[in-house]
Each structure stands twice: as C-alpha cells, then as structure tokens.
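Participant: The listed protein sequences correspond, in order, to chains D and R.
Counted the way our numbering counts, the first sequence spans residues 1 to 502.
Counted the way our numbering counts, the second sequence spans residues 1 to 502.
Calculated from the structure, these hints are not laboratory results.
It is possible that part of the hints are untrue.
If several chains are the same, the list does not tell them apart, and a pair holds so long as it fits within one copy or across any two.
Claimed, not checked - Straight-line C-alpha distance at most 20 Å; calculated SDA-like pairs for lysine to any residue:
{"#": "1", "residue 1": "Lys378", "residue 2": "His317"}
{"#": "2", "residue 1": "Lys380", "residue 2": "Met23"}
{"#": "3", "residue 1": "Lys154", "residue 2": "Asn58"}
{"#": "4", "residue 1": "Lys154", "residue 2": "Lys380"}
{"#": "5", "residue 1": "Lys221", "residue 2": "Glu181"}
Number of protein chains: 2
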Amino acid sequence: MDAHTREIIRVDRLATGGKGESMEAGKINKNVVDHCTASEYVPELLPQGVRKDLKPLNVLQPEGPSFKVQDNLLEWQNWRFRVSFNPREGAVLHDVRYGDRSVMYRLSFSEMTVPYSDARYPLVRKQAFDFGDGGAGTCANNLALGCDCLGVIKYFDAIVTDPEGKPEPAPNVICLHEQDEGIAWKHTNWRTGRAVVTRNRVLVVQFIITLANYEYIFAYKLDTMGGITVETRATGIVSVVSIDAGKTSDYGTVVSSGALAQNHQHIFAIHLDPAIDGHNNTVVIEDSLPVPMNKDTNPRGNYYEVKKTPVTTSSWHDADITKNRVVKIINPSKTNRISQRPIGYKFTPMPTQLLLADPESLQAQRALFAQHHIWVTKHKDGELYAAGRYTLQSTREHGGVADMVARKDDVENGDPVIWSIFGLTHNPRVEDWPVMPVEIHELKIRPCDFFEENPGIDLPSKRNETSVLVNNGGGQECCGTNGTNGVNGHTNGTNGHINHLG
Amino acid sequence: MDAHTREIIRVDRLATGGKGESMEAGKINKNVVDHCTASEYVPELLPQGVRKDLKPLNVLQPEGPSFKVQDNLLEWQNWRFRVSFNPREGAVLHDVRYGDRSVMYRLSFSEMTVPYSDARYPLVRKQAFDFGDGGAGTCANNLALGCDCLGVIKYFDAIVTDPEGKPEPAPNVICLHEQDEGIAWKHTNWRTGRAVVTRNRVLVVQFIITLANYEYIFAYKLDTMGGITVETRATGIVSVVSIDAGKTSDYGTVVSSGALAQNHQHIFAIHLDPAIDGHNNTVVIEDSLPVPMNKDTNPRGNYYEVKKTPVTTSSWHDADITKNRVVKIINPSKTNRISQRPIGYKFTPMPTQLLLADPESLQAQRALFAQHHIWVTKHKDGELYAAGRYTLQSTREHGGVADMVARKDDVENGDPVIWSIFGLTHNPRVEDWPVMPVEIHELKIRPCDFFEENPGIDLPSKRNETSVLVNNGGGQECCGTNGTNGVNGHTNGTNGHINHLG
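Just chain D, same shape as in the assembly:
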C-alpha cells in the first residue's frame, strides 16, 4: 500500500510449502487454514481446565514496604534514584546513587530488534524494532494488583501520546515492589558451629509491553549488596505463518497444526550512562589469561594473568568466555583505601549469539548495533537509541551506535556511555505454544572495589518468624543450641581449602 495515497499496489501471497519444496510452493493455497486447530490459553476456554493442585503462596509485608516514594524519587536500602517514563523507552532510571555517591547518571532499555529467518519473499522483510517502531512506552500494559507482582505494590502512571499526538493518561504502567531473592551470604564457623545467614532483598522497577503477539517484561532490580540487575523476560505468542498439512520446514517449527513458528532472534540493547563517583570515568576491559609454565613467573603452571586494558577511543568490543572478559567502569581519580585500586563497577558482557544475518543484508544494515556485544561511546545529549532515532522502514542504521563509534571520540577519563547488547536465538519448540514460557536474561552490574567491604554485611540475620515446618512428619525442631544450623563439624578440621594450603 502507498501510505500517502492509501492505494493498494500489490498483494503478496505467502508460500505455505515445506522442506525440499521451492520457495514459491503453496502460494495462493486458499485451503491452508482448513487443517488448523484451535489453540486456547484463556482459562475458561482450556479443554482440560486449570490445574487445581497449586496452593496459594502469599507474600505479606505486615509493616509495609521498605521503600519511600516521593513523586518520582525512590529511596530504599541506601539507594536513591528517580524513575521516569517515556513513550519510546518505557521506564528509565536517573541519577542512581548509593548513599551520597553517584553510580549511574541514566540507565535504560534502548532498543530491541527481532529479525526472522524465513528466506521466502515477502517474509524476508520480517524484522521488528520494538522500541523504535512500536514504542515500548506506548505499548506498555496497565498493570493489575496481584497479577504481575506479589506483596506491597506501588504503581506509577504516565502520559503517552495517542495517534493524533494528543496526550493520553496511561495508568499503572510501572510497578514497584520488593522481592526476596534467597540467601545473600552465609557462613558457618566450623569451630563453633555458629551460622550467620542473611537474605538478599531486591527492589524491582518493572514494566511490561505487548507488541501485538509478543510480551516483554522489563525490570531493573536493585539489591541490598550494591548490585543492579537489568532483567528481560520474553513471553507472549510466537509469530507464525501457515504451512500445508503434514509438512515441516527448515524455516522453523510446526507448533500447531498448520502453524509454522519461524526461527528468529531477539537482540536487546541496554544503555548505561555511568557516573561512578562523578562523570570522569574510564571503561576497562579486564581479561583473565593463561600463562605458559616458565621458571621465572609460573614455575608450576598454576598462575594466570589478569590483564586490564583501558578503552581510550570510542569502539566496540565482544564478549569472550575464553578470557573471562569483564567490563569495568572505574573512576581513575578515586582509589579504594583497602585494595589501592580505582573504585568501580563491573559486568560480564552477556555471552549470547549476535545477529546471524549476512552483514550485507538489509536486516544487518538496519541493526548494526546487533553485531557486537559492547559499544563504548562518548556521552552526547540526546544519543539514547542504539539503532538510531528512526527505525521504521529504515534501510540502514542511522545515528546509532555504529555512527557514534565512528566519531573516534576520546573516552578515557571522560564521560563514557556503554551499550550492552545481548539476545536470544529463538528456534521455537512446541512448548512455546500457545503462549511461550518466559525466556529470562539478566545483566548483572556489580560494585568492584567501590566499597570498603561487602555493603550487605549489615543485613539482618534473624530468622523469619513465619516460616513453618510441613506437618506431614519429618523435619523435627531444628533450632536447639547444639549445632543449630551448624556443620557436621567433626570432619571440617580435615577438609576444605584451608587444608589445601600445604
């Protein structure tokens, strides 16, 4: 269709053939849906109904939440930051501080592209840019109490723009709540049997978007040990095309009679604009490298080298599991009193596959950002979009990270911005139908010599009073004096690392 004249120019009919057939096979097959079967996910429509044996699990916070909210200012467990919401990126964190020290100037989900692998025309054009095309904020869900998170929830509303550009209220597009994340740290002194256990608590800032068939759940999780985790969950309904009865295809998986779920990738871009005790930061690539046995530095061959390389010029870098590659953001002018190293934060570039499309293909040219794991650029106001501002119907990535890097800016001890690229190569399985179980990715940003000890060392270790023993036998009272939560102490004197010292 000509978008201006609204005139239909051509109708492309889809092929419905299978393995070994020509790419045209099955075009204009008017009966292709005849062998399709219903696939329901709405509870009252499920033939087998809903399972009855999952008993309620409730999260109660009798004294209320541990967080404080004033407008868009959030305070929780030494963290202090502002949250905003916009039609393009959804929820964004600003001026993230721990105590009175700054950690992040801005943290956001920048872009995601979903290229499909079907080689048949016009399906070769199937590639979504969910942020640039759809608008994460515009497609955000209005969240509902007790549906999307448990416990004590705070919702934030936003204003989005409607198709005429008029402002429109969007209630409950962000939810805020606390979550227990299991043991934070534990140690049992085997000499005394005294155990100290603490639990990790996280503050979750979450929003969920629906882009037609797919759902994405995005969350920032701040924890009680100085860490920030950026989480993506992909769910919803996989995109399918018709396939003739009884056929299979190299382009994907038949997930239901007549429904071919095509192979595809989801490639995410996270935008990190750090401020580690200020903006004079340097990005360092830290590799752990083997050292051949040699009598001077490695006589027994057990030594390995930790090599640190500062990023001086805007550039891209890739994950490397063989080197245990870590990206550190340091403040070269601030030294940790204990380690005598620069203070910083770090993360491991997500070790996932990058874009598979041929570098010369339209898919690849539109998503240059998706071809490396890490892009380091110099902060420039308004540069927020990994694939550029305008992605809809684009023929090449314009003003995205590739163009930013091409400026060859000096980023050492300057004001660097880091783009973390990761994703999911999704060759569907039957279990992804009719609605797909969440596929979770977590980017874990952690302090590294930023503090002078474990910032969670003061977490309360008192036992949870509401936990109970199951009443069907076993599990006798276990909180006596002798060896409470202790170790089968007799053996530890002859076990473990200490005894491996000599």
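Model the placement of chain R on the given structure of chain D, informed by the hints.
Facilitator: Just chain R, lined up with the frame of chain D:
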C-alpha cells in the same frame, strides 16, 4: 608431615611480599599480622550494628505446600522423583518423571575444583576438590527453620560416616520448599484488552555445605513448565594469605589490611544421566549458523541454518556462543505428533571460562574434567565422579571423564551420560570481604518438543488476593473493567511484529 609416622618433615614459610618483588620476598616475616585489622560479620560484633530499615517480607502458604512427601518420594505439579543423600555428593535426584514419563534417571552434583593462581611455593599446591576431598554430604549444614528458606519447609535427615567410619545422624541436611519465580507467561489480547498472567512456581531441593572457609548452596529447582534448573551459589569467606603492610600483588586483591585474597577459579561438574521416555537416548549438538547470501537458499541474507549433529562416540564438546550451541537429549524412537521431530530435553552449555592452568601443570592434570564444557560418556554403573573417585593428593585425574571418554564407546541411541562443566573465575573484589555475596550459576534444562504444548498453559491466572497497594498515594484501584491489565490498545494495531509481515 608424614601422614603415617606423623613426623614433621619440613616447615614451608609463606612469602608475604608484593608486586615487583621476588617470589621469596617476606618469608619468615614474624610481624606480618601486626597490621591486620579485625573483620567481623557476626551481627553483635559489627561496629555499625545491623541495618534497621529492612521490613519483614513473609511467605505464607495458608493451605500448606503443594507437594506430597512419602519417605524419599516427592510429588509436585506432575513431577515425581526420589531424593537421596550421600556423604560424597549430598542430595541426588533419582527417577525424575513428569506424569508417567521418565525424564532423568539420576541428577547430581559430581565435583568441583578450586585451583588458586598464586605462583609462590607452596601456594602452587592450593587446589581443592570439594566433593572428592571434602565430601559434600559430609560437610552439609544442619539447616534451620526460617534461616535458609521461607514458607512451608520440609527437612530431610541423613546418615553420614564419622572419621572412624561409624554412622552418625545428620539432621536437616536437605530442605524442600516452594518458591514464586515471577511471571511464568503472559499475553494481553490487544483487540479485547483481556490479559492472562500466570506465575511460575518452583520446587526447591536444597543443601548447603561448608568447606572450612567457603559455603556452597546447591539446589535443584523443578518448575511448573517442565523445566529443571540446577543452581549453585558460592558464598562464605574467600581464602586469604598474609601480605606486608602497604603492598599489593599480582596474585590477588588486598581485601583487608594484611589479607591478600588470591585469584582462583571454581569449576563445577554436574552429572546428568537422562532417560527421555526411556534410556534409548541420543545427544545432539545443535548449532545456529550464518548462511552467506545466495540466490538459491538465502536471496536476502536473513536466513540462518540450524545444524544438528548427533554424538555417536563418547567425546567432549565445548560451549560456543557464536553458534548458539545447544545440547539436546532426544529419544530418536519417539516423535512429537505436532512438530514431527524426536521428543527431547535441551540445555545451553554454560558459557563460562574453563581451567586456566597450563595443561602440563599438576592442577590441570588433576582436573582434566575442567578443560571442556561437555563430556558425553556411556552409562556405566558406579561412574559418578567427574574427576575420578580418589582426588585427595592425586597427581592425575584417574577414572574421571577423560578416561571414560577415552573408551570411545558408542553412545548413539544408547544410554548416554552428560557432564556439564562450568564455573567462575574469581578475581576477588573488596566487596567479597569479610563474607562474599552469593555468586549464582544456573544450568537450565528445558523440554524441547517433549510435550505437545506449553505444559504450564493450565496454570491458574487468578490474581493473588493478599497483594496490596502501598498506602502512600499513587496506584489508584486498577482492576476496573475497561482495559484492566490491558494495553494502551490504540497503537497496537499499527505496531509490533504482525505489521512487520509485509
């Protein structure tokens, strides 16, 4: 010391020097501890005390747990399996079934080695085998209610052997509980605004070991969508040696005055003995590979190939993120009715660094298993230990996976066993002191065409009744009719994947 005569043969004194000094620097430095400072983690000894602003978060299960336990037989959400406990491996899962279909014959934590990187004698010998030397079961904690997990807990007791070989009761060494793991799947029909959200529940079988300074938390997590996640958490106190005042070292990080935490690795081995609808299984390596643009099969360059290679002979394989390498365990004789592919389960080999020590080093020879991510061997009764049965003071891995693989057994459509190797290269940070925040690894084993739809499609989607709104403003009632948990619908017609079809 001569272990037989108990006679002291030699005293090796430790060097305490730093960067740029000889490996002998600082030996017999009697005053090295004078500049050490106290590092407390026990609540009542903390100078700053325990934080007061973390409010209680309770997990309540008013109708009790959803699981049934009879002796060591566990039943929960279509899962059915037995759990055992032994001094070497700790908790082991047996005969894991979903409904009446078998998935795993045996699943266990097999071994872990912790080689240290300090090149100075005698520290070059520092390498623990926590299962083979220490005994995971022998060093298991006696768990305490409300300390190690929340909600309704079932404990299991075990019998271990004392140093004289006599049986000794070990109470509460395994805990069993349910956990909420957030959204399982969600879809909002943008045409109607109707949202269906379900929550993922997991059954956690957990045990915790203390090996002198270190703690490890091991868990098997079975979920409501047919998945099994094997989780390791490393915590406890990092192993340190003395260092002279004011010095730093290439061998590690000064985490406290006078305390040098040496660089090291933790390399885990998980033992998977699958039984996908029986024992006639085949292991398949599945890679997603780029295909150069070409007019016959890839005219626009967006197509990629999914290449499946069955493992015919016992062998090792490595993770490869550039290929999105996935390990599938299929039953070649059973075909999924929908996809017309063999039924199976899959996992992504953990993309982490392998052993760094020189291949000729003692460290490497003792831990041949730690040099590849995946080992496929043929089932043989009693072959349970990745590094062999006897690791203590070993000079080479004997009877471990390397020897098993050397047999070149035929493993296609036979009874394969898979060993998943992963780990953590741990160059300590100051935040790891005095007790280290958990470092978490998760091996996610998922059904792949094993079922005919998402096995969690029948999860209840009714809202949690006990979740409440925070009372400080905002978050107005959000459960009305219009667009309840819906999408800002107006834009979706012009967004998202559907519209990327043409």
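Participant: Could you run down the list of hints and mark each one as holding or not?
Facilitator: Each hint, compared with the structure:
no., hint, result
1, Lys378 with His317, "within (15 Å within a copy, 40 Å between copies)"
2, Lys380 with Met23, "neither (46 Å within a copy, 48 Å between copies)"
3, Lys154 with Asn58, "both (17 Å within a copy, 18 Å between copies)"
4, Lys154 with Lys380, "neither (33 Å within a copy, 56 Å between copies)"
5, Lys221 with Glu181, "both (11 Å within a copy, 14 Å between copies)"
Taken one by one, the earlier hints fail for this structure at numbers 2, 4, listed in ascending order.
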